[in-house]
Every structure is written in structure tokens, then in C-alpha cells.
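A.B. asks: Using full-length UniProt numbering, read the sequence shown as starting at 1 and increasing by one per residue.
Warning: the hint list may mix true and false statements.
What the hints assert, rightly or not - Derived BS3-like pairs: lysine-lysine, alpha-carbon spacing no greater than 30 angstroms straight-line:
(1) 92 - 127
(2) 49 - 63
(3) 77 - 88
(4) 63 - 130
(5) 127 - 49
(6) 49 - 79
(7) 89 - 49
(8) 63 - 77
(9) 164 - 92
(10) 88 - 63
(11) 92 - 49
(12) 49 - 77
(13) 186 - 164
Unchecked claim - Derived DEER-like restraints, expressed as beta-carbon distance ranges:
(14) 65 - 88: 24 to 32 angstroms
(15) 186 - 100: 44 to 52 angstroms
(16) 145 - 50: 31 to 39 angstroms
(17) 178 - 90: 38 to 46 angstroms
(18) 107 - 178: 19 to 27 angstroms
(19) 53 - 143: 35 to 43 angstroms
(20) 129 - 189: 41 to 49 angstroms
(21) 196 - 147: 16 to 24 angstroms
Calculated from the structure, these hints are not laboratory results.
Predicted model only: the values in this text are computed from it and were never measured.
Ideal placement from N, C-alpha and C gives every residue a C-beta, glycine not left out.
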Amino acid sequence: HQTEIMGAFLPWYTFAAIILLVIHGGLCADIIGGSEVVPHSRPFMAQIKGPGGGIICGGALIKENWVLTAAHCNVEKSKVILGAHSLKKREKEQQTFHIAKYFRYQCYDPNTKENDIMLLQLRGRAKLNKAVQLIPLPTSDDDPKPGTICTVAGWGTTTNPPHKLPTALMEVNITVISRQICNDEKHYNGKPVITENMICAGAKNGKKDSCN
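Whenever a hint applies, use it, and build me the whole structure from the sequences.
C.D. replies: Structural data, given as C-alpha cells:
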């Protein structure tokens, strides 16, 4: 019997920084098999929307004028929206910022997905309140052990296929899976290789997933 793992692979330090890992939860792109969060209960979450208004990526507020996101995101002429719950509706809690500068990690490799991390400097500073808060950064660089439950949140696709976007912020609980299992021939089979800089997580029944 072949076990199917639909999972997420991300640079480990990216996970540590922008995902409320282990107890705290997290951020990612696709949210398969999840549920809508209580509005504004994840106040560190940031929407990154393109010139046409469509969502490009998610991010996390780490300082009043800095958002952490993924290097693969194309943020040219994009805006950052804080305090958002709805994907399309304008909410009174929302704060919108232009991006002053972005800093893609110079060691990012789009082929291997290594070092997929980028900082966005906002043109202005967020006003912290109940709906807009900084993400609690980790105090340790300990590698989460296989079996650890973490929560992933985002506005990404909720079904695959077909690709269906949610109307509001979603989250799902997924389980950390050993790199050895993820890399074996029954699963990713080295395509891509899950390195020591990445974490693999998902559900063994394939019904829960996040970004890839």
C-alpha cells in the first residue's frame, strides 16, 4: 500500500519566521481541507495584491514597516494590505501600503526552492491595533520533529483541482513529516529534494495541504 502525502516544503528558517510554527500556527499559499478563521484572529497576516487587485502572495508583519514573504512572489507594483480578513471586501480594519523596497534573499534558488525568502519595506508604518499585530518570532531554531502539528493560514486555493479561491482567510492543521519519508520513491522521490533547510508537512491521506 502506497501512502500518499500531500505536503508543503519550505525553507526551514522561512517557516520559523513567517509561520506560527508548532503551537502558534502559520502562513502559506494553498489551504486544502481547511476552515475559515475567526475574523482578525491572525492579525499578523498580510495580503500582497497586484496592480489588478488579485492576490499574489501572503506575508507576515514582522515590524511596523516590514513584511516577510516568499522570494518567488512577483511584487512589482503591488500593494500590501494589513488587517484583512476578506479576500475581496473592503474592511474598516484594513491598512494599505505601497512597497518602498523589496529585498529578495540573494541565495534564493528558484529551481531547488532553497532560500525562498524576501523582505518588503513598506512606504509608511502600520498602526498596531487589535486587527494588526506583529507576528511572534521564534525564540529557538530547533528543528520541529516529525509528528508536530502546525497550523497554516492564507487566502490561497482551497481545492486542487479545481483551483478555487476562498472568500476569507483560511487555515488548516498539518503534520510535520520526516525528510526521509518525503524524499523516498513513494512520495516526492527527490523532485524536489527536501533539504535540511526545508520542512515537509501535510496529511497522509492527502486531504490536507498547504503551499508547495
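A.B. asks: The structure should be examined with respect to each hint, and the outcome stated for every one.
C.D. replies: We went through each hint and held it up to the structure:
{"no.": "1", "hint": "92 - 127", "verdict": "holds (13 angstroms)"}
{"no.": "2", "hint": "49 - 63", "verdict": "holds (19 angstroms)"}
{"no.": "3", "hint": "77 - 88", "verdict": "holds (19 angstroms)"}
{"no.": "4", "hint": "63 - 130", "verdict": "holds (15 angstroms)"}
{"no.": "5", "hint": "127 - 49", "verdict": "holds (20 angstroms)"}
{"no.": "6", "hint": "49 - 79", "verdict": "holds (5 angstroms)"}
{"no.": "7", "hint": "89 - 49", "verdict": "holds (13 angstroms)"}
{"no.": "8", "hint": "63 - 77", "verdict": "holds (21 angstroms)"}
{"no.": "9", "hint": "164 - 92", "verdict": "holds (26 angstroms)"}
{"no.": "10", "hint": "88 - 63", "verdict": "holds (25 angstroms)"}
{"no.": "11", "hint": "92 - 49", "verdict": "holds (18 angstroms)"}
{"no.": "12", "hint": "49 - 77", "verdict": "holds (9 angstroms)"}
{"no.": "13", "hint": "186 - 164", "verdict": "holds (28 angstroms)"}
{"no.": "14", "hint": "65 - 88: 24 to 32 angstroms", "verdict": "holds (26 angstroms)"}
{"no.": "15", "hint": "186 - 100: 44 to 52 angstroms", "verdict": "holds (46 angstroms)"}
{"no.": "16", "hint": "145 - 50: 31 to 39 angstroms", "verdict": "holds (38 angstroms)"}
{"no.": "17", "hint": "178 - 90: 38 to 46 angstroms", "verdict": "holds (44 angstroms)"}
{"no.": "18", "hint": "107 - 178: 19 to 27 angstroms", "verdict": "holds (25 angstroms)"}
{"no.": "19", "hint": "53 - 143: 35 to 43 angstroms", "verdict": "holds (39 angstroms)"}
{"no.": "20", "hint": "129 - 189: 41 to 49 angstroms", "verdict": "holds (47 angstroms)"}
{"no.": "21", "hint": "196 - 147: 16 to 24 angstroms", "verdict": "holds (18 angstroms)"}
In summary, the structure agrees with every hint in the numbered list given earlier.
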